[in-house]
Amino acid sequence: MADTRGATARLVRIAGRVRWRRLLTPEALIIGVAVAIVCYLALVPLLYLLWGTFVGEGGGLTFAHFQDAYAPGTYNMTTLVVNSAIFALGSTVLSVVVGTALAYLTVRTDVPFKRLVFAASLVPLIIPGILHTIAWIFLASPRIGIFNHMVEPILGPGFFNIFSMGGMIVVDGLHAAPLAFLLMYAAFKSMDPALEESALMSGARLPTVLRRITLPLVRPGLYAAILIMAVKALEAFEVPALLGIPAGIWVFTSRIWQVLSGFPIEYGQAGAYSLTLLAITTAGVFFQARLSRRGKSFQTITGKGYRPRAMPLGRWRWPATAAVCFYFFVAVIMPIGVLLYTSTQPFYTVPSADTLSNMTLDNYRYIVDHPQAVRAGRNSLILGIGSATAVMFGMAIISWIVVRTRLPGRWLLDNLAFLPLVVPGLVMGVALLFVYLRAPVPIYGTLWILFIAYLTRYMPYGMRYASTSMYQIAGDLEESAQVSGASWWQQFRRVTLPLLMPGLVAGWIYIVIVSVRELSSSILLYSPGNEVLSVVIWEQWENGQTTELAALGMIMIVLLVVLVTVGARLGARVGVRD
Amino acid sequence: MGGHVRIWIGLSAAVLLASACSPPTAEDEAGDAASPGATDSEAEPAGAGLDNSAALDEVYAAVEGMTGEERTSTLAALAAEEDGLNVYSSTNLDDAAPLLDAFEDAYDIEPNYYRASSSDVLRRILQEADANFPGNDVVLANGPEMAVLDGEGLLLPLNTPATDDIIEAGVFDTWASVYMNTFTAAWNTDTVTDPPATWEDVLTNFDGNLAMELGDWDWFATLTNNYFTAELGMTEDEVVEMFKQAAAGSRVVDGHTLMAELLVAGEFDMGTSFYHHRIAEFISEGAPVGWDEPQPIRPLIIRPNGTGIMQGVQNPATALLWTEFLLTDAQAILAAEFRGPASTAVEGGVPPEYEPILVDLEAITAERDKWEGLWTEIVEQSGSEVVGD
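Chains as they are written, first to last, in the numbering used here: chain A, 1 to 578; chain B, 1 to 389.
Isolated chain A (complex conformation) (with noise of 0.2 Å):
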């Protein structure tokens, strides 16, 4: 007995070997290190944040900072909420709307000039946000705005104010709809149109192909783009600050901007905002998760015959031609012909015979010439690149857990990758210094730091993307790659990622483009010899430079079409394709 039972145990002992064994696989070990790394990237800059909100000065737990946020003071809380609720509402609408209608015709549909409105779709997104607003107060401020000059035979003076809340929302929308365009491009993407054929065959028009069809197909997509949006909305400065406030519209991140730009620098009132701000996105992050997996609803990439084809339009296609163009002329010609114009005067005045003729290219000689722009141009093209890069691809592997896995928890993981979305650049910023000036790391004053500083901001926009893709393909397909006999690394890499691939290049895409914007950590964290782009722009503008600062943009979104033409090119090589 005791013999059997000391057999068994050694048998147990054995077998527990060769199971462990079996666990230390390469699969393990990648879905290890790509955790570690999310965690570790969203807990630095939230622990920061929870310490620097809760803990008091003797150590001990504390809401004062709470407290003093919320506290009824000079400003109006309920307008504060009321006004940051319409302004994210209306941008997150017009985004979106903007966003899907124009991802829907490129990617669906038989629109013509599609890779043109490709390119264009995301030149608002390359404009810096400083100058696209200002670039809309050069064309619909009441007094000098181009639109007003327009219009004001037939309307009257001063028919159009940017400086309201119809004017702030526009402004927002337009700059943000590229990235509700990009994703919801991707969700189109990935989307077999035969369901969409089944029912036109069956008689049904369009509109109804598009509601009952189309539209609840790419779900998880959209629910996507509006949670962001809208998280986006809420956190935006320039907009509110440079149109809101003179028409007395205070909003909160105007109010967050007012805490960390006195002395004593109130870090613990900022982090009271931005963690009612992460409140609200976790609510979001959770009920987005649970509209999204509903079962196999969205899931259109089967193991069928599966071929992204392109609809007729038929009567339609004029129509949608026609608002397409009208778009591009309000949302991309207007404002780049601003910019354009301006690039090319000593001062901004309005347009007239006489400044027209007085244009010149020394702006641009200005900015070849200047010190730092081409060093910092090559820093933020590695940045770039390097940050989207390894962002979509950890995002990959992070989505793929969610949604593919049932593992307890996954929720807490899809939530923490979202989570740095929520945390201002400044603090992020401040808490990178904190953590990497103590750390026995030597990233501090090299490119490095900046490097984390962007993996960390990018990284809920990379999440969005890829598990966005995720959602739409059934798990079958990776089920046959391992029946066939292969790896998770090998059905990983060659089945699950050319299927994500819309979705990646999507995401990569608006990486490479927000992150050579990317400021308010990027200042902080700088060294001489590492400056980024974002940074001279910065200091073009502070020096008043507008007319030079117009030529850095049109020069960026010369660069930055190029690069993502070229980027989008190989990406669809790796994909699926038409």
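Just so you know, these hints were derived from the structure itself, not from any lab.
Keep in mind that a hint or two might mislead.
As the list claims (entries may be wrong) - Derived CB-CB ranges, DEER-like:
(1) B:98 <-> A:68: 42 to 48 Å
(2) A:375 <-> B:208: 44 to 50 Å
(3) B:151 <-> A:63: 46 to 52 Å
(4) B:164 <-> A:68: 45 to 51 Å
Ideal Cβ placement from N, Cα and C applies to all residues, glycine included.
The hints should help you fit chain B onto chain A, whose structure is shown.
Same frame as chain A, now just chain B:
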């Protein structure tokens, strides 16, 4: 099932890895100088372990009693044995480049120049000091930020004959003014044909066409204390009320730069506080903007930008050489860039007959909360209806 166990193994590895290199937590930092929760003013005297004042004292001793060429060449010889110079500064690169070039030409030392806004420079220095990290040897920033650094005990005493020519009100124990930022009212000459003569005119005659700046609390405090209260005998409440009325019909703009751009573009007629050097540049470029024809709005408010040597200075001789260079040879270069030199030996900036008033840094630093609060109340009136309209 096996897959999940494997993933959990991965997760456990992750947690181990994460905890191995986790960020400093409450425990780690308990004994440290400052917690992130504490506001910076609550921190212990920062950088306590980084007091390098002895090294600077040695340099002071080596050049004791020396002046002119002898002093400079001694300092330059000592600096040659050091490892460059790290400057944190809020002076923009365009203005700083000629200074950096001139310094390099003279002493063959190329300073590492970190440039950010004054408040970001302050944030970075405070964070580095808390972590005992000597990031910079010298700092060049706005007066209020220099006063904060001085109050935090982060600057070393400044003993140099180079301050002899600097205006008296601009010299302090640990730092000295390098140049003056002058704030002036300005107007668009295309739309304002009959410019105002007094501050009262500016604040009452431009309903709907006046611009104010969002962060101008120190300008407002100085104007209230030294003009409206001291010279016109108004009470503080009366001044605040007058500004609130003006703000109600005005545009509040975030940034002096944007305010100047929009004034030139014709978005409003009049603005209360522009950098004088920026307006002077606009005028030299032919922009339709004016500030002193037929007369400037008196008094003009000036705020010094100053330099000081850090407590943790790593290159003390170079730091002193640079500081003395800024206070002497650099003054003429700054004057050529429309910056008001702090040296009385160099002409430039705003003519003295315009009676500029220097911001009272000590009073303002002591009462910062009060003035920031009042200014916030004022600018929040922007866009609302003017009472009595």
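To see whether the hints hold, each was checked on the structure:
1. B:98 <-> A:68: 42 to 48 Å: Holds, at about 45 Å.
2. A:375 <-> B:208: 44 to 50 Å: holds (46 Å)
3. B:151 <-> A:63: 46 to 52 Å: Because 29 Å falls outside the window, the suggested range is violated.
4. B:164 <-> A:68: 45 to 51 Å: holds (46 Å)
When held up to the earlier numbered hints, the structure conflicts with hint 3 and nothing else.
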